[in-house]
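Residues per chain, in single letters:
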Amino acid sequence: MFGLFKKFKDGLAKTVTAIASKTAAIFGQKPIDASSLDTLEEALYTADFGVETTEEILEEIKTAYRKDKTLRGQEAAAIGAAVLKRVLAGSEGVLDRGATPAGNPVVIAMIGVNGSGKTTTSAKLAWKLREDGKTVTLAACDTFRAAAVEQLKTWAQRLDLEIVASHTGADAAAVAFDAWQAAKSRGRDYVIVDTAGRLHTKSNLLEELAKIRRVLQKNDPSAPQHSWLVVDGSLGSNSIEQAKVFHEKFGLTGLVVTKLDGTSRGGALVGIYRQLKLPIYFLGLGEQAEDLQPFSIDNYVKAVFGLED
Amino acid sequence: MFESLTDKLSNALRNLRGVGKLSEENMAEALKEVRTALLSADVHFKVAREFVDRVQAQCAGQEVLKGVTPGQQIIKIIYDELVRLLGEGSTGLSAARPLKILMVGLHGSGKTTSSAKLGKLLKKRGYRPLLVGCDVYRPAAIDQLEILAKQEELAFYADRTSKDVPAIGAKALDVSRNESADAIIFDTAGRLQIDQELIEEVKRLRAKVQPDEILLVADGALGQEAVNVAKAFHDALELTGLVLTKLDGDARGGAALSIKTITNVPIKFVGTGEKTADFDTFYPDRLASRILGMGDVVSLVEKAQETIDQKEAEKMAEKLRKADFNLEDFLAQMQQIKKLGSMESILGMMPGMNGVKIDGDAEKALARTEAIIKSMTFQERRKPELLNGSRRQRIANGAGVKIVEVNQLLKQFQQMQKMMRMFKGGGMKKAMRQMEAMQKSGRFPS
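Going down the list, the sequences are from chains G and E.
137 is the number of the first residue of the first sequence in my numbering; add one for each residue after it.
149 is the number of the first residue of the second sequence in my numbering; add one for each residue after it.
A hint or two may mislead.
[To be verified] Negatives, chain E to chain G, calculated, CB over 12 Å:
(1) Tyr-227
(2) Arg-245
(3) Leu-395
(4) Gln-483
(5) Glu-528
[Unchecked claim] Only pairs whose alpha carbons sit at most 25 Å apart, straight line, appear in this in silico DSS-like list of lysine-lysine:
(6) G:Lys-413 x G:Lys-354
(7) E:Lys-512 x G:Lys-385
(8) E:Lys-512 x G:Lys-338
(9) E:Lys-550 x E:Lys-522
(10) G:Lys-338 x G:Lys-413
(11) E:Lys-194 x G:Lys-198
(12) G:Lys-289 x E:Lys-298
(13) E:Lys-311 x E:Lys-298
(14) E:Lys-351 x E:Lys-423
(15) G:Lys-221 x G:Lys-203
(16) E:Lys-423 x G:Lys-347
(17) E:Lys-351 x E:Lys-319
(18) G:Lys-385 x E:Lys-423
(19) G:Lys-347 x G:Lys-385
(20) G:Lys-221 x G:Lys-198
(21) G:Lys-270 x G:Lys-221
(22) G:Lys-347 x G:Lys-221
(23) G:Lys-338 x E:Lys-423
(24) E:Lys-180 x G:Lys-198
(25) G:Lys-289 x E:Lys-550
(26) E:Lys-271 x E:Lys-423
(27) E:Lys-379 x E:Lys-356
Derived from the structure by calculation, the hints contain no laboratory data.
The beta carbon of each residue, even a glycine, is placed where N, CA and C say it ideally should be.
Next comes chain E alone, as it looks inside the complex:
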């Protein structure tokens, strides 16, 4: 895993302690670290240099704020500048109807998959999309698009007998009128930006169909090459936006900064997985954190908001208040937490925790608790007092644990109930002491 910029900077800035003002001299080492971090995140050499120069100009002469270290202050300035740069421009699509979108890019950048994903998204927004297969070169590319279109129940047009791409485009527009489609997405073949013949072809296609949006689809892991690619495509076609793909990997995504700086077209979407639903609007703050290796706190928070059902949570709070909390509720709560993902993946989103391995014991203990509760009947879960010896043995067998573990769980659950009653009765201090003791036993999540 990459060492985060934050860690590197704190080293470079150790000798800056007690400095009152940031200056060119005392920042030199730190800014060198920033440059190296940007370069190893695949930001283009020139782009990184210009960026560092700009940050330096902004930092120089600033008083170091009370309560933060010079390092934190520089990082804040860098982060803000990065967010500003990445976020320039609108992530929205043209309001034209019908909306014609041309998807272009290198081989294997993800054009076909992104076309289907975009179609799905537009359908959700109330459009009637038509996917048009214009990749007449890669074997079975048209089949791929057709299959995806079928999967998402989107209209599809292709002409497998023709190699005349502009003509296919024109025909597709006729088809879209007949089928009253109002979002037409042209999936073009992958091409090198230096392949004059193919660039001419896509220019002719553009002239023929007059697209409202021309989106460059680029692999988020692109290297220094990103600049040449983006520049050539932009010069030839006047791009209107970018789609950054494969961000579900661990690429730092520095290419996005390079492309943004060179073309100054907004990043509109990001692809985050192989399913057609894995397609998001672009958030500059998240990518900025990623490029700097700062973790993705915002995403974590949002993920938590999305997955934890608000109503469910309120119901739970009410139950807790009334001290009317049974094993079934406990199971529900555990499953809510699990929906967030594995503990490791959640930790990975936190700054400084990237790559931290947690021992599997905590997750295992939770899994065993879950198994025990699931081996109970609904009635037993609601009324644990029903659980006599033979029921307990049955549960232990069902869960594949020893009967002592079932007993232990029930005992702890009783304590928890007792504690809740105390909360209810206002015995706060006593309850806190009880809770500490329970957490030490490790079976209940803290």
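In isolation and in its complexed conformation, chain G is listed as follows:
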């Protein structure tokens, strides 16, 4: 358990330094005052939690401060962490294969805007599931972006993963169909479908996603069992808009937040969860295969507020 938290904290290490460097003075033993409240406000806003959550946290800390002028920084951090935990309650996604009719594979579709990290996440997830003793087939359904198929193929080769791919320009839905068939005949547990990046504002491209689903459902009416939005953790409020539209048009079942090994705090996940209540399954904390970590509210909140076990 500690090891996991450490990885998490290492990944979010910059987060800790970013908030903690600003708030070390506040979140320490010293009582807080007006100027440290100001610094706190800045630290919270720059985490991309969104205006709503930031104000909620600030309000609770200020209320506590009004009641008790000797409120210490540590206690303020605890209040902030409590609010964040409350907002995130129920947000931990747990991937459980469960039983499927006729032993059909479980399909996980990776969806998102361009450059959010779908291909890399698909490869990492396949690797992770195999480490957990599951069998996986990758479906290279980004047949639009130049060399996207080659990118996933390279990953598959590197990590020795099974992949079904066609060529750029091929029908993405047909690739998904074939991958499902292959996975089924080989008795695989999962099919991970890597789709092309598309902005949520392009309705024709959203229609193509719907087609992939329709075709998959010819194999299994309940596929895809999971449709995850892959969100770049360094984006701001627009990721909420992205999630909303994809959810409305396609029906999402969860989130993966990537690129959290930088200094961004991925606070937008809080905003997305607040609005849509979609569980967060994994966080991307680095470029290596093993850097995809299950989302844990406790770890996230601790890392963000620089709290120790």
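We have chain G; now place chain E onto it with these hints.
Here is chain E on its own, set in the frame of chain G:
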């Protein structure tokens, strides 16, 4: 959709009615709204605060102008300040030849795509570009660049056997001399600004190739993080410009203001789509409207200018004047309007209309009219009087409508022709009355 700042401000400023002078006190609430709007557009906290302070200083003491509300006046001041800030510096590229451009940025910001787009643009401007694949880390990144280069018929260089990026850069310069390329674009790997090793690598590449332009490619939807990213890249490399990507989405683009304020390097280009042609010079006024949620009137006007063929329009005016307007002209005119995009997307560019849904009936009616005209022969379109009963039935079948609809269209068209003759004869008033009646029937666009 975001509530526009204009709407929010009018609420905050309701109690300001009748105020003669803007002051710190009476603006406080409004400026708080401005700050919230900037923050929810992803402008960095500190940048937003400084910006609001500056606007406050400018507003304080100003007389409220006659004919505008205090809100409108504040918005004008904010807008002007935003345009000024965003637009500082030149959007032009260095005049050096050969022109060496280094593209840098985070993972997935759009460097490879932007490199190809920039290559295409420079080719159009008369350069002979060479694209250089320096992303030796992301699987198949070099393939991606090569494919795009081929598509745009641009020269390309990469060394797939090497991981020594500065050496690849130096070799590319030799290649560019041999091929007499005079614009060399280095597409580098995505890197975190805190990844010391990779930042050192790109610094060595810069030392080796001595670029004239170092462009940071940044996702237009970046959040508060934009400031850290821009600052670190600028400190390490001394950027000369920004490329803001994925602006065809609906991100407000506040990150641009943050980056601009922190680095003070000009925003040079914006990426607005997945096709290599979707690459524009940066216009500060458009982005300012976008950050404030004011719609994009300028873009709409320009779009109209671009798509509506000037000559075609003149020809049409001439025909109208001579009352020599047939169904074929009518179809052409309808298609001109359609080129602007769907009615919904056009509405979206107007202030206050963002997200307004129009019912599909109007668009459907136009589509049916188009289908009817298209089911006619050219001769019939030019001479509608040819249309007897059996021709009309054939057209109705072809267009998939009932014959009454064909009749209705023809009747309205006759009225329109009659009206034009009236215009010609100077019977203006009568013509206006006729026109009103026709618009009510809904088949002709008003």
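- Please work out if Lys-271 (chain E) and Lys-423 (chain E) have their alpha carbons no farther apart than 25 Å. Roughly 16 Å between the alpha carbons, so the hint for Lys-271 (chain E) and Lys-423 (chain E) holds.
- 25 Å Cα cutoff - pair Lys-311 (chain E), Lys-298 (chain E): Holds, at about 23 Å.
- Task: Assess, step by step, whether the Cα of Lys-289 (chain G) is no farther than 25 Å from the Cα of Lys-298 (chain E), and give holds or violated.
- Result: holds (21 Å)
- Message: Lys-512 (chain E) and Lys-338 (chain G) were given as a pair; does the straight-line alpha-carbon distance stay at or below 25 Å?
- Response: Between Lys-512 (chain E) and Lys-338 (chain G) the Cα gap is close to 21 Å, so the pair holds against 25 Å.
- Task: Verify the proposed pairing of Lys-270 (chain G) with Lys-221 (chain G), using a straight-line Cα cut of 25 Å.
- Result: Roughly 31 Å between the alpha carbons, so the hint for Lys-270 (chain G) and Lys-221 (chain G) is violated.
- Under the criterion that the straight-line Cα-Cα distance not exceed 25 Å, is the pair Lys-379 (chain E), Lys-356 (chain E) satisfied? Given that 25 Å is the threshold and the Cα spacing comes to 23 Å, the pair holds.
- Glu-528 (chain E) and chain G, when compared Cβ to Cβ, separated by more than 12 Å: holds (34 Å)
- Lys-289 (chain G) and Lys-550 (chain E): Cα distance at most 25 Å? Judged against 25 Å, a Cα distance of about 55 Å means the pair is violated.
- 25 Å limit on alpha-carbon distance, applied to hinted pair Lys-338 (chain G) and Lys-423 (chain E): holds (13 Å)
- Query: Taking the minimum C-beta separation from Gln-483 (chain E) to chain G, is that value above 12 Å?
  - Reply: Holds: least Cβ distance 20 Å, greater than 12 Å.
- Task: Starting from Lys-180 (chain E), check that the Cα of Lys-198 (chain G) is at most 25 Å away, please.
- Result: Distance of about 19 Å is within 25 Å: holds.
- Query: When you check the alpha-carbon spacing of Lys-194 (chain E) and Lys-198 (chain G), does it fall within 25 Å?
  - Reply: holds (21 Å)
The structure shown violates the earlier hints numbered 3, 6, 14, 21, 22 and 25.
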